[in-house]
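Novice: Residue numbers (my numbering), protein chains in the order written: chain A, 1 to 116; chain B, 1 to 112.
Since the hints were made in silico from the structure, they are not lab data. Accuracy of the hints is not assured; some may be wrong.
What the hints assert, rightly or not - Taking lysine-lysine and the DSS-like style, the derived pairs with C-alpha atoms no more than 30 Å apart in a straight line are: (1) 14/A / 44/A; (2) 57/A / 63/B; (3) 95/A / 55/B; (4) 3/B / 57/B; (5) 95/A / 3/B; (6) 9/A / 63/B; (7) 63/B / 3/B; (8) 14/A / 95/A; (9) 59/B / 71/B; (10) 95/A / 63/B; (11) 59/B / 3/B; (12) 57/A / 57/B; (13) 14/A / 55/B; (14) 57/A / 59/B; (15) 111/B / 95/A; (16) 95/A / 71/B; (17) 17/B / 55/B; (18) 55/B / 71/B; (19) 57/B / 95/A; (20) 44/A / 55/B; (21) 3/B / 55/B; (22) 95/A / 17/B; (23) 44/A / 71/B.
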Amino acid sequence: NAGVTQTPKFRILKIGQSMTLQCTQDMNHNYMYWYRQDPGMGLKLIYYSVGAGITDKGEVPNGYNVSRSTTEDFPLRLELAAPSQTSVYFCASSKQMTGLGGNTIYFGEGSWLTVV
Amino acid sequence: SQKIEQNSEALNIQEGKTATLTCNYTNYSPAYLQWYRQDPGRGPVFLLLIRENEKEKRKERLKVTFDTTLKQSLFHITASQPADSATYLCALEDNAGNMLTFGGGTRLMVKP
């Protein structure tokens, strides 16, 4: 039972480079999310998706893009990486939308990204 | 502005004692409050959920209280064990249907 799987686990990027963080879930969840977590800070929502073909911005979307072509996959793209994007990124999914009644989120193991 | 506050300083306790972690919030009308556990290098894992009309929820050695008057939730671990050492995050869903919002977490260290 894999749950939510993220790759890569670790990556170092140079300023201005681009990359894609991959995320896939095998729980047939419609709702998927990307968060970033900085030391001592709460998880900040970057983007979310309510189903294939539908995405929306979260609290901190600038510098990122997402797509949702299938129920299982929700990749996060970083364009023109900046040092401010150094962070830990978590992909997550839920059966129902959070904010609609006590639905819990299942997280991946995280991707550590350093921009130098 | 909306704010969720958890003690950023680590809580150090002796094995066998009860650990109590605090989650305070301002400018929220939460409908649900959730607690997650996060181990170093891992993603958060859901522990407990409590609704606004519930005062207390228990699961094995875990107990959560929710006081909407004080705007506070307390998370208790009784008979704590070194394996309970982790960071604990609280998260709120408000009545406006907004997305789940997380606090910064409190690190718990249980010493043998």
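Novice: Next, verify each hint and record whether it holds.
Specialist: Results for each hint:
This hinted pair checks out: residue 14/A and residue 44/A have alpha carbons roughly 23 Å apart, not beyond 30 Å. For the proposed pair residue 57/A and residue 63/B, the alpha carbon gap of about 35 Å is over 30 Å, so the pair is violated. Taken as a hint, the residue 95/A and residue 55/B pair is honoured in the structure, with Cα atoms around 26 Å apart against an allowance of 30 Å. Between residue 3/B and residue 57/B the CA atoms are separated by roughly 23 Å; this keeps the pair inside 30 Å, and the hint holds.
This hinted pair checks out: residue 95/A and residue 3/B have alpha carbons roughly 26 Å apart, not beyond 30 Å. Straight-line distance between C-alpha atoms of residue 9/A and residue 63/B comes to about 33 Å, which puts the hinted pair past the 30 Å bound. Annotation: proposed proximity of residue 63/B to residue 3/B holds, straight-line Cα distance about 23 Å (limit 30 Å). As the CA atoms of residue 14/A and residue 95/A are separated by approximately 36 Å, the hinted pair breaks the 30 Å bound.
About 22 Å separates the Cα atoms of residue 59/B and residue 71/B, which keeps this hinted pair within 30 Å; it holds. Using a Cα cut-off of 30 Å, the hinted pair residue 95/A and residue 63/B holds, with the two alpha carbons roughly 25 Å apart. Proposed proximity of residue 59/B and residue 3/B is supported: the alpha carbons are some 27 Å apart, at most 30 Å. Distance hint between residue 57/A and residue 57/B is unfulfilled; the C-alpha atoms sit about 33 Å from each other, more than 30 Å.
Using a Cα cut-off of 30 Å, the hinted pair residue 14/A and residue 55/B is violated, with the two alpha carbons roughly 50 Å apart. Note on residue 57/A and residue 59/B: the hinted pairing is violated, with a Cα-Cα distance of about 35 Å set against a maximum of 30 Å. Between residue 111/B and residue 95/A, the direct Cα distance comes to roughly 37 Å. Violation of the 30 Å bound is thereby established for this hinted pair. Between the alpha carbons of residue 95/A and residue 71/B the distance comes to roughly 28 Å, so the proposed pair stays at or under 30 Å and holds.
Our distance criterion of 30 Å between C-alpha atoms is met by residue 17/B and residue 55/B, whose separation comes to about 23 Å. A distance of roughly 12 Å separates the Cα atoms of residue 55/B and residue 71/B; the hinted pair therefore holds under the 30 Å criterion. This hinted pair checks out: residue 57/B and residue 95/A have alpha carbons roughly 22 Å apart, not beyond 30 Å. With a C-alpha separation of about 28 Å, the suggested pair residue 44/A and residue 55/B falls inside the 30 Å cut-off, and the hint holds.
Taking the CA atoms of residue 3/B and residue 55/B, the gap is about 21 Å. The hint holds against a cut of 30 Å. Between residue 95/A and residue 17/B, the direct Cα distance comes to roughly 36 Å. Violation of the 30 Å bound is thereby established for this hinted pair. For the given pair, residue 44/A sits about 22 Å from residue 71/B by alpha-carbon distance, which is consistent with the 30 Å threshold.
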